[in-house]
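> Assemble the complex: chain X is given as a structure, and chain E must be docked to it using the hints.
In the order they appear, the protein sequences are chains X and E. Take -17 as the starting number for the first sequence in the working numbering and just add one per residue. Take -17 as the starting number for the second sequence in the working numbering and just add one per residue.
One should not assume that every hint holds.
For chains that are exact copies, the list does not tell them apart, and a pair is met inside one copy or across any two.
Within a straight-line C-alpha distance of at most 30 Å, the following computed DSBU-like cross-link-like pairs (lysine-lysine) qualify [to be verified]:
| no. | residue 1 | residue 2 |
| --- | --- | --- |
| 1 | Lys209 | Lys(-2) |
| 2 | Lys209 | Lys270 |
| 3 | Lys(-2) | Lys97 |
| 4 | Lys209 | Lys179 |
| 5 | Lys97 | Lys209 |
| 6 | Lys97 | Lys230 |
| 7 | Lys204 | Lys(-2) |
FYI, nobody ran anything at the bench for these hints, they're computed from the structure.
This is what each chain is made of:
Number of protein chains: 2
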Amino acid sequence: MNNLSIKELCLQMARKAKEASQLLALVRSDAKDRWLQRSAEAIEQNVPPILQENARDIEGAEKAGLTSAMIDRLRLTPARLRAAATGLRQVAGLPDPIGRVRDGHVRPNGLEIQKVAVPLGVIFFLYESRPNVTLDAAALCVKSGNAVILRGGKEAIYSNTILHRLLSDALRVSGLPADAVQLVPTLDREAVGHFLKLNDYIDLAIPRGGESLIRRVAEEAKMPVLKHYLGNCHVYVDRAADLDMAEKIVVNAKCQRPGVCNAMESLLVHAEVAERFIPRIGAVLSEKGVELRGCAATRNYLLFAKPATEADYAAEYCDLILSIKVVPNLDAAITHVNHYGSKHTDAIVTTDLSAAQRFTQSVDSAAVVVNASTRFNDGFELGLGAEIGISTDKFHARGPCGLEELTSYKYVVIGTGQVRE
Amino acid sequence: MNNLSIKELCLQMARKAKEASQLLALVRSDAKDRWLQRSAEAIEQNVPPILQENARDIEGAEKAGLTSAMIDRLRLTPARLRAAATGLRQVAGLPDPIGRVRDGHVRPNGLEIQKVAVPLGVIFFLYESRPNVTLDAAALCVKSGNAVILRGGKEAIYSNTILHRLLSDALRVSGLPADAVQLVPTLDREAVGHFLKLNDYIDLAIPRGGESLIRRVAEEAKMPVLKHYLGNCHVYVDRAADLDMAEKIVVNAKCQRPGVCNAMESLLVHAEVAERFIPRIGAVLSEKGVELRGCAATRNYLLFAKPATEADYAAEYCDLILSIKVVPNLDAAITHVNHYGSKHTDAIVTTDLSAAQRFTQSVDSAAVVVNASTRFNDGFELGLGAEIGISTDKFHARGPCGLEELTSYKYVVIGTGQVRE
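Same shape as in the complex, but just chain X (with noise of 0.2 Å):
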């Protein structure tokens, strides 16, 4: 394919995405929701050969030394299929975000107002790895009645291609336009570049996956994008904090799953419970294999520990590596927070009601939690139902990205021959 024909190609598919997406803001629930359920059927009766694509995949991946944890995450087993069947069910389940009355009223004029919920049209949706992403996103963006636009890791070819067809056919047997789930068929990187561009036809990016997948996007995106950045979360533990309650907070933050955005990545003690909870919570940390690196009071208590840079302080490890900061009061704490945090999700834990509504006005991210774990910031955790990712960014949507976020709305004025004076 040359130049002149991928960039045609990407103008083709975002056309198609469109006109799509037209006719997907009409469709019923019913419509959809046996979409999903067809598609469910699919994933199980195809198991055998979708297993066979993804061998394809790993072994390529094999052969081009991608990291265990790579291919870990590129694997489907039948239990994994499984499960993204019965995540589809679980979307179809959902109520159609789609034609929710916002909010209404009636203007002293007899004017009816409503404020109702709509698609935002063509989504581009760009990931890495994981194959069953390619469903995930499927379902949410066509049960919230968008078209979507898949751009899959190059890793994940085979897989995506054959689990995009099982939706593709869905979708014709269910009467839905079969462009509303289009996979970009080259690997080529500059289509990315192309889509990025063709903000007449798509209206949102969604890039998940590395920092640098997003950061290319967000420079180069003529459309708005919805960005899910790594967390640098942190729990803050408060003079007034119970240490046990604590030490259960800061373990399970940090070690339940390590290389997920809302795990901890840096602690913050306050000076006059320091000599208390910093020994004991570095004995059970570095027990479970946590790397700990100190400031200088931090390392008074704990000698083992390293020395904290600020590159430290500034790190998402996504790794078994915590940071710890003394600090001498509630606001020095918050002030690291929000200088350092990445407006993902941060905790603190207290028994102080005024510590903890400070924390919680003062601390600007997506979550603020209180005498809790930073793992809860989840859509399923949080009881907004599955999510397309989890948003750092402030507009639009914040937090977890589920049906609701990927909506917009229209105002429907419902008149009797109202002029204005």
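Chain E alone, transformed into the frame defined by chain X:
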């Protein structure tokens, strides 16, 4: 000022705005409302000096050969200043959008989840001509807890400077951060480019003015932009329309204030009523001085109409000109609106419920209106309060943008030691 110092000035202003926004986010409603009241008083008590500064702008505008319409927009009068002061008091009377719990529930594990409205942070607001926008924009931004950097047009610099000084003085005596409202002191266009790159400090850019200003901002900005393009608004007269009502609505939508974004630019008429409606509306409109441009079918009924080109159907005249097209059916009307329109405000006149439903569902515009004038798409008329503009975007905010649309939210999660299994 050399290039380096303009760049430094912008960075310094953006930093100060960010600091002010962090303080402002925690300020109570009563303090913000006192500032609005004091600002209103300051305007009323300083009418002579304000008019004196305004006279300097008017003089400059006359020398520069600005049109009389532009000079009129620039002119302040005692009545306009009274209206502006009243506007500030109205904003003081609106409920504080910050801290409102938008949603909340308790999870099965006892975690309390609240979705709480918070400010966006720092807003860069660019505008032209009318100096009273300085007051409106500052009032809405600060009331919603945001710091604002105001960049007015060079033609209004003296007026904007004195109005800004009065607002700043009132901030100081009200105990609010003085940098909550800053006016860019240089007229160098380069400054705009610098601000648009400062996405670490500025959370949102709002350009309000001509299309070229908005396009430049959308093109250059590294932060989200809330765009307010003009409207190519339609009225579609269905075959089931009450033609008396249709006449009243068409005349109002076109003539009541032709220069604004929610005025009608294009009239679509169902073929079955064209013969009855077009001659009659043509006569009324041309009597009111409206120039008519129509398709071939239109010109069969309206011999004096000029032929309408493709460019006419795409045009936003903002003037007493109207394009007219006869369409064979409702779907053709919808397709025309979605193709040529600007997603702003489009109306149908019909007594047919299913036609009304199909139109409101299928037309992809910020406001879809049934049996009323397009002129109602405005924050006050929809009962939403003062507005900072009317968004033609679908992301974050659509249609009239007031206090609510200048906010984001955070999740506040309150636990009693919960951790994830």
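> Evaluate each hint against the coordinates.
A quick look at each hint next to the structure:
1. For the identical chains of this complex, Lys209 and Lys(-2) are neighbours both inside a copy (25 Å) and across copies (26 Å), given an alpha-carbon limit of 30 Å.
2. For the identical chains of this complex, Lys209 and Lys270 are neighbours neither inside a copy (32 Å) nor across copies (51 Å), given an alpha-carbon limit of 30 Å.
3. For the identical chains of this complex, Lys(-2) and Lys97 are intra-copy neighbours only, at 28 Å inside a copy versus 37 Å across copies, given an alpha-carbon limit of 30 Å.
4. Taking CA atoms no more than 30 Å apart as the test, Lys209 paired with Lys179 passes in both settings, with 17 Å inside one copy and 18 Å between copies.
5. In the homo-oligomer, the alpha carbons of Lys97 and Lys209 lie at most 30 Å apart both inside one protomer (26 Å) and across protomers (19 Å), since each shortest distance falls under that limit.
6. In this assembly of identical chains, the alpha carbons of Lys97 and Lys230 lie at most 30 Å apart only when taken from different copies (26 Å versus 44 Å within one copy).
7. Within a single copy, Lys204 and Lys(-2) get their C-alpha atoms as close as 19 Å, and across copies as close as 29 Å, so both meet the 30 Å cut-off.
The structure is inconsistent with hint 2 alone, although it conforms to all the rest.
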